[in-house]
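Whenever a hint applies, use it, and build me the whole structure from the sequences.
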Amino acid sequence: MATMQVELVSVERPIWSGEATAVYARTSEGEIGVLPGHAPLLGALAPGWLVRIQQADGVEQRIAVHGGFLSVREDGVSVLAEMAESADEIDVARAHAALERSGSGSGEGTVAARDRALARLRAAGEQV
Amino acid sequence: MGAQLRVYRRQIKSTQSTQKITKAMELIAASRIVKAQNRVNAARPYADELTRALGALGKDTSLKHPLLTGVAEPKRTGILVVTSDRGLAGGYSANALKKANELAAQVRADGKEPVLYVIGRKGVGFYRFRQIPLAGSWTGFSEQPNFLDARDATETVVSALEATSEGESGEAAGIDELYVVYTRFESMVTQTPVAVQVAPVRASQDAIEALEGSEAAEDSDGPGPSYDFEPEPEELLGALLPRYISARIFSALLESAASESAARRRAMKSASDNASDLIKTYTRLANQARQAEITQEISEIVGGADALAAAGSDQ
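The listed protein sequences correspond, in order, to chains R and L.
Residues in the first sequence are numbered consecutively from 1, following my numbering.
Residues in the second sequence are numbered consecutively from 1001, following my numbering.
The reader is advised that the hints may include incorrect statements.
Covered, in the sense of this in silico footprint (three residues per stretch, anywhere, with C-beta under 8 Å from a C-beta of chain R), are these stretches of chain L [claimed, not checked]: (1) 1037-1044; (2) 1047-1053; (3) 1299-1312.
Anything over 12 Å on all C-beta distances counts as not near chain R; from chain L, calculated [as the list claims (entries may be wrong)]: (4) S1014; (5) E1026; (6) A1056; (7) L1057; (8) P1145; (9) N1146; (10) S1226; (11) S1251; (12) S1272.
Everything labelled a hint here was simulated from the structure, so no lab data went into it.
For each residue, glycine too, the CB sits at the ideal point set by N, CA and C.
Listed below in structure tokens is the structure:
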């Protein structure tokens, strides 16, 4: 099966890189799946969602991405994130608490906090 | 023990304990340089990717955005100065501040108004003492900056840039241009304070290179890939530019942290060396004083014996 080079980097450090068969993300326009040989694309990721990377060995990486971009080039895919956490780093109970705290407020900080909590929970595989 | 000798011994002891402290600080700073350099390297892929993405977008010269092209007549220029929180780092903060003052004078000469943002307690103290108003200041993370700490600073600066000099952001007035003054880490022994223009992005040196680089690549292998954009390019640019400016500021912070540790290591190394010299000098003086004391005692004993002998022969 064809693979492509995928990199997921955050501002502070590279999070994940390797060969993958597919990358699924959600841009502000909607859900997008990237397979090897995809046309070049530059997209802003929707807040509150995760990026799924289908590794070449079949394992799926689920990564919560906050404030990110997706860049698809001929030689590979990169995901840029201001902050990113892979599923095993996420504290589910804390994310639940954060989601509850942010409630349904509409302040700028509250929305950002809710998006962060949502991204974490979705990456951890919780139903929200 | 004579008074003179005691004074010297006390000075040796106090210099030794000072040397222990400076030596420890030197070692800590040395280990922090490596850590800081690793952080600079770890942050590089993100900045490179972002520059490349911007290069892809920037090829379309019809796109307009105040952060990209700037305004026709800039009136206010933001200067973000990165200094340290603690002293004992030689001329590190002083050099950065000197550079910032030169830049502010230059900006004033061009008929624009400098607006100062400061990171690091030393810089804040410098301006407060001179009663120069600051548009923003952040302290407490100069040695080990992480992105969360820096975000508060970058958000303030970016929102001021977005407001431009026409508008207001929060309480402070907006700015049209942004320079960052930080200390570039050339090597373990050389760190130079530099002022780089970060916004408008088209005027900043790195971005120009990125844009030219992507054009050159295009020339060499026919028409380059034409990107699809989601959402529309204008909207995407609006989201990308603030991130790009934040990343530039953050990488300046990381590099400054490495420079700060290097400057501190060097300052502490010369302090330790000076302490060694002092200890040597004092030890020599103490030996001399001890020897003088012994000589004096001997001459006193001999003198006393002579006097006794003279007194005995008189009887």
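How the hints compare with the structure:
1. 1037-1044: holds (count 3)
2. 1047-1053: holds (count 4)
3. 1299-1312: Per the Cβ count (0), the hint is violated.
4. S1014: Its Cβ never comes within 12 Å of chain R, the nearest being 43 Å, so this holds.
5. E1026: holds (27 Å)
6. A1056: The assertion about A1056(L) is violated, with a minimum of 6 Å to chain R.
7. L1057: violated (7 Å)
8. P1145: violated (10 Å)
9. N1146: Incorrect as stated: the minimum Cβ-Cβ distance to chain R is 7 Å, not above 12 Å.
10. S1226: The assertion about S1226(L) is violated, with a minimum of 7 Å to chain R.
11. S1251: violated (9 Å)
12. S1272: With a cut-off of 12 Å, S1272(L) remains clear of chain R, as the shortest Cβ separation is near 33 Å.
Comparing the model with each earlier hint shows violations of hints 3, 6, 7, 8, 9, 10 and 11; every other hint is respected.
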